[in-house]
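Participant: For the sequence shown, full-length UniProt numbering assigns the number 1 to the initial residue and increments by one for each residue that follows.
Hints listed in this document are in silico derivations from the structure and should not be mistaken for laboratory results.
Be a bit skeptical, because a hint or two may be false.
[To be verified] Within a straight-line C-alpha distance of at most 25 angstroms, the following computed DMTMM-like cross-link-like pairs (lysine to aspartate or glutamate) qualify:
id: 1; residue 1: K42; residue 2: E121
id: 2; residue 1: K164; residue 2: E131
id: 3; residue 1: K157; residue 2: E74
id: 4; residue 1: K164; residue 2: E65
id: 5; residue 1: K206; residue 2: D50
id: 6; residue 1: K54; residue 2: E162
id: 7; residue 1: K70; residue 2: D50
id: 8; residue 1: K42; residue 2: D119
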Amino acid sequence: MNTPSISEGPHTPISPLLGLVACGGLSSRMKQDKSGLVYHQKCQRQHVFDILQKCCDTVYYSCNEAQKSKFEIEAPVVVDAPEYQNHGPIAAVLTAYRHFPDYSILLVGCDYPYLTLQDLENFIDFTKRNESPAAFYNDQGFYEPLLGYYPSSFYDKAVKQEQKGLYSLQRLLAQNSARQYRPLNPQIMTSIDTPEGFERVRSILKSL
1 MNTPSISEGP
11 HTPISPLLGL
21 VACGGLSSRM
31 KQDKSGLVYH
41 QKCQRQHVFD
51 ILQKCCDTVY
61 YSCNEAQKSK
71 FEIEAPVVVD
81 APEYQNHGPI
91 AAVLTAYRHF
101 PDYSILLVGC
111 DYPYLTLQDL
121 ENFIDFTKRN
131 ESPAAFYNDQ
141 GFYEPLLGYY
151 PSSFYDKAVK
161 QEQKGLYSLQ
171 RLLAQNSARQ
181 YRPLNPQIMT
191 SIDTPEGFER
201 VRSILKSL
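Please build the complete structure, drawing on both the sequences and the hints.
Facilitator: See below:
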């Protein structure tokens, strides 16, 4: 996609938006890589990628070194920088900032089979593409960091936290008063973490 030339007022250009598919890795409870599960006639990482292509300026997969072999050579992939290995999702954000320093990041995990394009478009409208972080917010009072918006100006704060040995995106969002997005349908934040849950949700989606 082309970088947009839109602006939020005469002096506040809007950063282009990078859609980042967080592929995660092996899930101990699921007993396999959740990004490879098929809910929608294709593996979940491809499904999320295709959705993001419709609402972002450019889209990449994010993975760790061990996952790199799952992708075709020409696939748009950002591999976690070595110094961020085993640091969790913050590794995806920090590595992407390095490659795309002028971009804001829409980070989306592969854990949410109910998520739709409309849900993400509504969230992007909520963020207003400005310089304040935001994330989906659940009924238990927590952010969903893997459904989050990380503006380009947020890089320094993320780096400082990581350098202190603090790798939680949840904590980073809370400490910076990230805006809380509560979708009309909380079901879209349902994360599927077990084989039984996968089979149940796949049956539900097939019946829709």
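Participant: Among the hints numbered above, which are violated by the structure, and what are their numbers in rising order?
Facilitator: Hints 3 and 6 contradicted; others consistent.
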